[in-house]
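> Each step along the sequence shown adds one to the number in UniProt numbering, with nothing skipped, and position 24 is 24.
Please keep in mind that the hints were generated in silico from the structure rather than gathered at the bench.
Being a predicted model, the structure only gives us computed values, none of them experimental.
Idealized CB from N, CA, C, for every residue including glycine.
Be a bit skeptical, because a hint or two may be false.
What the hints assert, rightly or not - Simulated restraints on C-beta separations:
1) Glu20 x Asn43: 17 to 23 Å
2) Glu24 x Thr2: 28 to 34 Å
3) Ala58 x Leu28: 19 to 25 Å
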Amino acid sequence: ATENEHEAYNNMYEHFMVKELSPEQSDLIIQITDMVMRSLLNNLDISYRYVVNNLLAAR
């Protein structure tokens, strides 16, 4: 399930990145996506949360 969630996040990210959006819209979508992902992470175990937080920070 965690691998599927990660893949879904990547697909969502790439989907929005290829669209013709203003930088402001892109930034807002990324912020909202990150907020949604972080709220999902609160329900996951700490090790997976640590990995994904590092991925979000690296990006």
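> Taking the CB of Ala58 and the CB of Leu28, does the distance hold inside 19 to 25 Å?
holds, 21 Å
> Given the range 28 to 34 Å, decide if the beta-carbon distance of Glu24 to Thr2 lies inside it.
Between Glu24 and Thr2, where Cβ atoms are some 32 Å apart, the hint holds.
> Using the C-beta atoms of Glu20 and Asn43, is the stated range 17 to 23 Å upheld?
violated, 34 Å
Hint violations for this structure: number 1 only, all remaining hints satisfied.
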